[in-house]
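Number of protein chains: 2
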Amino acid sequence: MTTNQLVTEIRKKNSFLCIGLDVDLNKIPKHLLKEDDPIFAFNKAIIDATNHLCVAYKPNTAFYEAYGIKGWQALEKTINYLNENHPEIYTIADAKRGDIGNTSTMYAKAFFEDLAFDSVTVAPYMGKDSVEPFLAFKNKHTILLALTSNQGAFDFQTKEIEGKEVYKQVLETSKSWKNSEKLMYVVGATKAEYLADIRTIIPDSFLLVPGVGAQGGSLQDVCKFGMNSQIGLLINSSRGIIYASSNEDFAQAAASKAEELQKEMQTILTK
Amino acid sequence: MTTNQLVTEIRKKNSFLCIGLDVDLNKIPKHLLKEDDPIFAFNKAIIDATNHLCVAYKPNTAFYEAYGIKGWQALEKTINYLNENHPEIYTIADAKRGDIGNTSTMYAKAFFEDLAFDSVTVAPYMGKDSVEPFLAFKNKHTILLALTSNQGAFDFQTKEIEGKEVYKQVLETSKSWKNSEKLMYVVGATKAEYLADIRTIIPDSFLLVPGVGAQGGSLQDVCKFGMNSQIGLLINSSRGIIYASSNEDFAQAAASKAEELQKEMQTILTK
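The listed protein sequences derive, respectively, from chains A and B.
1 is the number that the working numbering gives to position 1 of the first sequence; each next residue is one higher, with no gaps.
4 is the number that the working numbering gives to position 4 of the second sequence; each next residue is one higher, with no gaps.
Source of the hints: derived by calculation from the structure; they are not laboratory data.
Worth double-checking, as some hints may not be accurate.
Repeated chains share a single entry, so a pair holds when one copy, or any two copies, can fit it.
Claimed, not checked - Within a straight-line C-alpha distance of at most 25 Å, the following computed PhoX-like cross-link-like pairs (lysine-lysine) qualify:
{"no.": "1", "residue 1": "Lys44", "residue 2": "Lys30"}
{"no.": "2", "residue 1": "Lys27", "residue 2": "Lys44"}
{"no.": "3", "residue 1": "Lys271", "residue 2": "Lys13"}
{"no.": "4", "residue 1": "Lys109", "residue 2": "Lys70"}
Working from the sequences, and respecting the hints, build out all of it.
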């Protein structure tokens, strides 16, 4: 999917919500455990109930890999279900991969070709030649970790290299990489006050913003400091939506939570 | 496996060789493509021919994920084959994972429990709370990326924070994390001259060293600057061994290449 197609969808739905599909078998409603594939059954119900309220879904690969081959099968079924039934929806493999050149190409093939996601999250630690192989794929985005929403972000990301924080060095440096127009960035909502600075470095890029809600970030603040003329934001919520209820009404409960966020987004977009 | 068990195996075999199982279907001998599972058939032949010469195997997960569910099945068969037939051999999932707290726990479960590897490689960018969940697992090691062997290492890893390079900050900081005695570190052989400095920070830790051979690093230099009283080194070679021949004799050719390295190691260990 192109950036323009994503922006069109955001304007159509008045939503820049991304729903994180982080499926933990210990947290999903008990009645689903009787299903052949409880993970996919859960995802399908969530997708069916919420697809009109969001523009993106983001399965975190850790939650699938933890269940081995069955988990990988559930991930494959989920992306196939999305691509077949909702091709207008943007898909993100939250995989945080990154390796040396030809190995990164193999990861890119895994997520862009075998699984046909629109984008994948990638860690920047190994630098240019670990990221550029992802950027070589047409109509695919690479979402680079810049400033994450966890406490550990202060261990290295916010430390200064030559008077500039590591995450800003990552933003600056990545702009010089080949096909850098296909980059998006992860910026945690818990640090919304950093967004004004970030926008001076990457005014046009889309930001994937986790940490609204459960982790304490404010949607209003993120939009105030982070929005650009193309919206430029995908706000992710995982647990706050998908685990809104652990009963048989879980999908409707998820839709209600998603709608709360979508309405808040609509107010911001139409004011 | 404990560090002591690994050291015992190194002394017994006079080898600290790790063989990287990075299986690319475009590079393996053509006759194997007729097999039900060409990836596992290749790995099994390599393992059968080389297990007396090395102390560790390291599949890079990218090469398996690129083939989807079949790839993941081949990875599972490979680790099961190793654990059943060669429990004395140390196994490394070269996955370069890293995510927020509970999500890192899911990755740890994937590699330590579902697949039963002895260790996994992890990226440090997200800091303490992204790595500690891996360190909570008993008799498992977490191998943290410090200084990698690719050109992109110079983008961020060798830049200075408060007068000290990022990779040294990673080494220093990680020592304060809970269960840090279970850490090992990736240090590329192409930068052997950095090893003396690295040993002043982490004198006792094992280092996983890629980049000997194909990428230009010298085994002699790595040992000169990096070896400690417990050996403290695992030298990885992937392509140089497993693709030594693309004919039916590929496994024997791999064994010959592995033996060259093992003999060189024996000379160093027994001099």
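Quiz prompt | Numbers of unmet hints, in rising order | solution = Every hint satisfied by this model.
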